[in-house]
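Protein chains: 4
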Amino acid sequence: MNPIKIGVAGLGRLGLIHADNIHHMKHVELTAVSNLDEQVNKEVQEKYSIPYAYTSYEAMIQNNELDAVCIVTPSGFHTEHIQKALDHGLHVFCEKPIGLDSDEIKAVMKKIEDSDRVFHLGFMRRYDEDYVYAKEMIDRGQIGDISIIRSYGIDPISGLGSFVDFAKKSPSGGIYLDMSVHDIDVIRWFTEAEVKKVWATGNNKAAPELNALNEVEIGTATLQLNNDVTAFLVAGRTASHGYHVETEVIGTKGMIRIAATPDKNKVTVFNEHGTVRPTSQNFPERFREAYINEMKEFVHCIRYERQPSVTALDGLRGTEVAAACQQSFEKDELLELSY
Amino acid sequence: MNPIKIGVAGLGRLGLIHADNIHHMKHVELTAVSNLDEQVNKEVQEKYSIPYAYTSYEAMIQNNELDAVCIVTPSGFHTEHIQKALDHGLHVFCEKPIGLDSDEIKAVMKKIEDSDRVFHLGFMRRYDEDYVYAKEMIDRGQIGDISIIRSYGIDPISGLGSFVDFAKKSPSGGIYLDMSVHDIDVIRWFTEAEVKKVWATGNNKAAPELNALNEVEIGTATLQLNNDVTAFLVAGRTASHGYHVETEVIGTKGMIRIAATPDKNKVTVFNEHGTVRPTSQNFPERFREAYINEMKEFVHCIRYERQPSVTALDGLRGTEVAAACQQSFEKDELLELSY
Amino acid sequence: MNPIKIGVAGLGRLGLIHADNIHHMKHVELTAVSNLDEQVNKEVQEKYSIPYAYTSYEAMIQNNELDAVCIVTPSGFHTEHIQKALDHGLHVFCEKPIGLDSDEIKAVMKKIEDSDRVFHLGFMRRYDEDYVYAKEMIDRGQIGDISIIRSYGIDPISGLGSFVDFAKKSPSGGIYLDMSVHDIDVIRWFTEAEVKKVWATGNNKAAPELNALNEVEIGTATLQLNNDVTAFLVAGRTASHGYHVETEVIGTKGMIRIAATPDKNKVTVFNEHGTVRPTSQNFPERFREAYINEMKEFVHCIRYERQPSVTALDGLRGTEVAAACQQSFEKDELLELSY
Amino acid sequence: MNPIKIGVAGLGRLGLIHADNIHHMKHVELTAVSNLDEQVNKEVQEKYSIPYAYTSYEAMIQNNELDAVCIVTPSGFHTEHIQKALDHGLHVFCEKPIGLDSDEIKAVMKKIEDSDRVFHLGFMRRYDEDYVYAKEMIDRGQIGDISIIRSYGIDPISGLGSFVDFAKKSPSGGIYLDMSVHDIDVIRWFTEAEVKKVWATGNNKAAPELNALNEVEIGTATLQLNNDVTAFLVAGRTASHGYHVETEVIGTKGMIRIAATPDKNKVTVFNEHGTVRPTSQNFPERFREAYINEMKEFVHCIRYERQPSVTALDGLRGTEVAAACQQSFEKDELLELSY
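Chains as they are written, first to last, in this note's numbering: chain S, 562 to 900; chain Y, 562 to 900; chain R, 562 to 900; chain P, 562 to 900.
Hints were generated in silico from the structure; no laboratory data involved.
Misleading hints may appear alongside valid ones.
Identical copies go unnamed one by one, so any copy, or any two together, can satisfy a pair.
Unchecked claim - DSSO-like cross-link-like pairs, simulated, lysine-lysine; straight-line CA separation at most 30 Å: (1) K566 / K667; (2) K667 / K729; (3) K645 / K730; (4) K892 / K757; (5) K766 / K645; (6) K603 / K587; (7) K603 / K672; (8) K766 / K696; (9) K729 / K892; (10) K667 / K825.
Model the full structure from these sequences, guided by the hints.
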């Protein structure tokens, strides 16, 4: 079986995770990396015995050995990088968000539709076994019709410093586009409906240093969908207990919670603090398997010439809703979306 | 020690609970009841050996033996009944809500302020040991400044039939006034701040029969407070798993959840359904001790000539915010409150 | 309704709890206390406005106003004090264990059987709502036939100092008689069977100072019952997380756990330690309601002239099995019981 | 990198799992299988494109392409198959137990020690991340010295039928050797001590059909170790709720529980049964990752020429203790072990 040869663009925290996962897959080769920092490139190249390393994305995608590219560059480059990869006939895995600007996204969506290449967007929660289990319960009607969804994505305080450094360099797009986009995607995936109104709030009580960066430490958004579902989101950057991703679905016949407590593992400790469940500390830990599963699905799609169930439209909608949340927060008013 | 003599007005479900609690208190006498249904009166009178029973509230409060009255009549009568009791020099315990109309409430508040009688409003969650424990943690600063509160009050589907019967006879005031008023009080109690904006949504997916009654089966409200706290409420009438009252407080230094699962007791069952925690089935079960505690506090206030910490103003604000939620839901828009 | 007048003998930790519970009961009077320490007597007498206080048990029971006595004296005096109370025609509530010596217990059982007075033994777990709920499930056959029971009673390390002080003054009878006797009673109550073999082990790793007192810090006992149930007990004195009382019942059709985690309340805290459930800290906290319930039942038995379901025989068997555990531990061998 | 070529012997339930895991490993080839049933061989060979398939173990190990063998044959053949593989210079992964007879095990241990080949015994719990996390806490002293361990391995009732079929064909060695051997290994691994006394009990209440097979449906064993640790084991075959593997460690400074409830995933469901956590249904589900991890470690040991931390002596001790439990149960007496 010929190996599928993949290049990873961007060796930040998540780029390194994808590189590692690709390296460990059978019948797959981590053939190239592109990244600005030559020192990092060198270390990664040696660690995984990678044939090629580039300091420019454009240089990498001209490597004719490549079958596919995994784009983990800053969000602002996504649409451009997708387009260039498709132009070179490469299959594309792109981290979320698909882009920051809806017109640019629409343009690249046209490219994607016209292409026969695989396009896979990195909404990894769709490949997390807990989310999949819940989705299957919902689809079987086990909780009836959905009335309410609540979804939290709260980063640990331990990561605040590096976020501040990151946000100083390039805008995150705001907390809704940076973080809630996963929750928005889950809501659309679970309900198969679209958001029509949003009201968002937020503050910087725990991290006043974010004021200067035009960022918020914790934000909420209440979303009303076109099928009469209400959703409530919390996104944050300062959880003292770890990485808290939790989703609740209230249906007419029952309720489901996914990760009601952000357990690290199956261990319970009884000590002077009480009965303690250790907590998941970050996204690489919480979604380790989901990142592997989505990459396997990407490779399967390439090998068996099909498309993943998550689409570029899902990416566009995620960005549009997140942008509406950001706008609602900034204007402090209820916003209606039109697509 | 002379017993404190109390009359209970209204022998519905909650009236019977208060009657039973008063009956069992030491140095307290359940001296009278008033209630429209003579048959019920007779049964209750016999059960507790109650000296007097009346079919009219006005008749009861003229009984000079009484020290105090416990008002559990329909909400629309509360302000009138409070006023009359105070006019007769009686101490007053009144079930929530203090009233349905803010002008009427303001008028009776004046009466209460001018009186030296004890006035106690039945926000029993303030006397629930779990809520008290959380409040104390908050006041000690253990979770820092509050950013977000989430509070659910969802009645079991098993009670839907009797609610429909009840709502056919007299308007409940809507789900926010009927149910969320407890959550609104908790939010004000925990934050010591006032609600300034609300957006409410709701639907009748699980109980379309409520459409005809102008009621909703499940409602949400997002509240913004004047100290930058955002609160999210869910009120419902169709939980398949029991009586679900849950409150979460997200602070800058930690989070608290009260009754994250609505456990009936400390028992866990492992059977063909999985690992099962039996659930609390209704408010008398969940708040049994809280109802006793609040009545003890009422009696202490009478005996030691002081006022409870919960005030008529708390009642007014609860009604005002709940009414704003109802209005927001009906108009489908974001509302700003002015007091 | 004439009040039932009760005298409390012994004002240690548990004596004070019983006194307080009796004081708060309606139609019941805390008429007398007896206790060696005059200073304590004075304080308690004032606090509860108690008519009589004695420094001798024998003096108290001659008070003809008394209907009943609540014996909370050191275990070694129980049989003697029961006998004397019955001789004075008093109803008797006696704390566990009924006695330390089986011949003495058998003698007093004869007295109890020949008397028409109420005799109530303080196995309060039989009046704890969680244990009652489990017992009812078992009796309804919901978990089938019982195969295995596991029951833990572990005191918090915070109480070790006072235990050492106590044990220096008078022998506790060993950890099995002092603590496991509750678990043994639960096992007999749940299974309605008798223990036939025991093997007990223990050590003082966490509290070597107990070696000098001939006590153990943590002990286990494996019991085989005459209906093929195996039970495993843990008793301890050094839990770092609080007061841990937990019971598990494995049946042919399901399993039940009572207090799988020793939760203090319904609050969950998320902080730098992880997801934390605060823990119950001591027996007065964990069994507060059970102590009230058992005293109510004692009073009901007196008033309605019946006997409680827990019997003196239950007390005898509890002591016999606990003594066998102690002996097995000391001899380091498997012991067979004969009754 | 040259692939490591492995042959799998025995294609029962667990053999198929190991085959699948080996197939998916990078730089590893599933080169051969041996199994009595030709039809199964054919299906597996096709599914994974396996070069060779044999109906005889002896034939397979003569294939000179092989580097290693994974033995998942019936327990009675393990020692013989290990020996033959070593004689052919193959690295050996062998499922637990290492053997049924301690003399045979000792003989093969000599072979293993004299060989430079990797020998890896399939105690997969040592490669489960929850058990590893607990072991690391213990080794860091976070719960002090161990006093008590409790460990359960209970198979689901859904698997009883296939166990009965299996046990009719070849003796399982009894429930302690078949199931508790994992718990015994965990106890030895956690405590680094040896068992000196055992007392075992059991019954067939839930599955009387096992009487005819000389098997028990549920068994317990109490073990005393040479460092004053007491362990309590439960092994069963009829859990109505799924596959229940749980381990508790009580130390002088704290307690740990691994899988206190046998959660299938992170989902909680609220429905008419209460608050429900779905349960793990079988060992392939519960230990999926552990089986992969141990095989990775086996391959690493081969590639980097080292031995795994779990040794043949661990296998011998596991079998000896399990056999002592079985003997104690059969004789109904406390047994002392000598090694």
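Status of each hint after checking the structure:
{"no.": "1", "hint": "K566 / K667", "in the structure": "within (28 Å within a copy, 49 Å between copies)"}
{"no.": "2", "hint": "K667 / K729", "in the structure": "within (28 Å within a copy, 52 Å between copies)"}
{"no.": "3", "hint": "K645 / K730", "in the structure": "within (24 Å within a copy, 63 Å between copies)"}
{"no.": "4", "hint": "K892 / K757", "in the structure": "both (17 Å within a copy, 16 Å between copies)"}
{"no.": "5", "hint": "K766 / K645", "in the structure": "neither (42 Å within a copy, 47 Å between copies)"}
{"no.": "6", "hint": "K603 / K587", "in the structure": "both (23 Å within a copy, 23 Å between copies)"}
{"no.": "7", "hint": "K603 / K672", "in the structure": "neither (33 Å within a copy, 45 Å between copies)"}
{"no.": "8", "hint": "K766 / K696", "in the structure": "between (35 Å within a copy, 20 Å between copies)"}
{"no.": "9", "hint": "K729 / K892", "in the structure": "within (23 Å within a copy, 42 Å between copies)"}
{"no.": "10", "hint": "K667 / K825", "in the structure": "neither (39 Å within a copy, 40 Å between copies)"}
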